[in-house]
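Going down the list, the protein sequences come from chains E and Y. Our numbering puts the first residue of the first sequence at 13, with every later residue one more than the last. Our numbering puts the first residue of the second sequence at 1331, with every later residue one more than the last.
Hint data in this document are derived by calculation from the structure and do not stem from the laboratory. Note that this is a predicted model, so its numbers are computed, not measured. We put the CB at the ideal spot given by N, CA and C, even for glycine. Among the clues, some could well be false.
[Said to hold, decoys possible] Covered, in the sense of this in silico footprint (three residues per stretch, anywhere, with C-beta under 8 Å from a C-beta of chain E), are these stretches of chain Y:
(1) 1339 to 1352
(2) 1360 to 1370
(3) 1378 to 1389
(4) 1408 to 1421
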Amino acid sequence: MGASANPAMTTNPYQAAAQAQQGAMGRTAAGLTETAAQGIGNYQNPYESQVVGQTLRDVGQQALKAQNTLGAQASAAGAFGGSRHGIAEAEMAKGYTQQMFDQAARMRQQGFNTALGAAQADRAAQLGAAGQLAGMGQQAFGYGQAIQNQQMQQGAMQQAAMQSLIDAARRQYGGYTAAPQQGLAAMFGGANLTQGTQGSSQTYQPGLYDYLTLGAETAAKVYGM
Amino acid sequence: MSGGKGGRSNKEVTMPKFAETVTQQGIGLARDVSGLGYVPYYGPDVAAFSPQQEAAFRGTDIMAESFGMPTTGGAQYMPQAQTFDGGIQGYSSAPAFEQSVDQLAMQRPGQAAYLESFTVDPMTGQAGSRSGARQPVALEMQGGRKGK
């Protein structure tokens, strides 16, 4: 739908929302059981063993030099190979060995801590990104909803206008077909105006008795009766 | 009418000519109009959905499809809208009305015929057998000289 209107748009907001939601849910779900230790391996220095080994060799070289110096000092004192020389060498070796262990342990501890910190930071960043992705998905969904609502509103306005046209046509048709009744009503309205225009006429035809009475009354007047 | 002393008294109620004319014409018009019958409307009743609304409907399908939910699959629920003169797009109730009338004539032909006998035949224009103009008349109250 949208791609045809905008060739640059390859996905619709709902697809984007669904993909974002799936991604966010997947990463968040994985984070429920995952620990930072699982990611440490990804951040450990691959050259750590070489660095530690080199450091041990350096300490070994120092130990060797110190042993030679100790031997020369013992020779100069005429005590080379003696018990005191032996004790001094043993103490020196013990010290250098301890130094080697300490340095190796410190370096490996530092490497572990660095990797652990990186793994923790990475995990937090990924979970944060998952949350952000979920938010962006929600935003994309909102875009889709807003567009759809706009379409519905404008579409409803257009439909309402069309309905108004239809209603107007229906009213006109109703007026057309009701014209005879309208005419009838108008005619009866006019007929009502004629009420009160009725009149009456009264006529009287005299009978025989009327004439006899009239004759008697006339005779009485003439003869003074 | 009354008689006094052998004479006859006659009283007549009269109406002006124009009033009697309009009364008779009105009654005649009413009789004819009563036979008109129902005049159906064949135009649009309900406006069709607009393209914007159709787009929104498709959007709902796309939304559902994007989240793996069931969609209409493009199925149409409403019938195909008709285009009337003037570009009006909508639906008419006329087909459903005609179907109901036909159904009545088929299921209850006697009643349908009785119903139609009161009004004009919509095809021929002839007055129905029971229309006002064809109602039987037996004049029984036409006393006096004018009623003969």
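Now the hints, each set against the structure:
Only when three residues or more bring their CB closer than 8 Å to a CB of chain E does the claim for the segment 1339 to 1352 of chain Y stand; here the count is 11, and the claim holds. With 5 residues carrying a beta carbon less than 8 Å from a beta carbon of chain E, the segment 1360 to 1370 of chain Y meets the three-residue requirement, and the given coverage holds. Here the segment 1378 to 1389 of chain Y counts 11 residues with a CB under 8 Å from a CB of chain E, which clears the bar of 3, and the coverage holds. With a cut-off of 8 Å between beta carbons, the segment 1408 to 1421 of chain Y has 4 residues touching chain E; three or more are needed, and the interface restraint holds.
Checked against the numbered hints above, the structure violates none of them.
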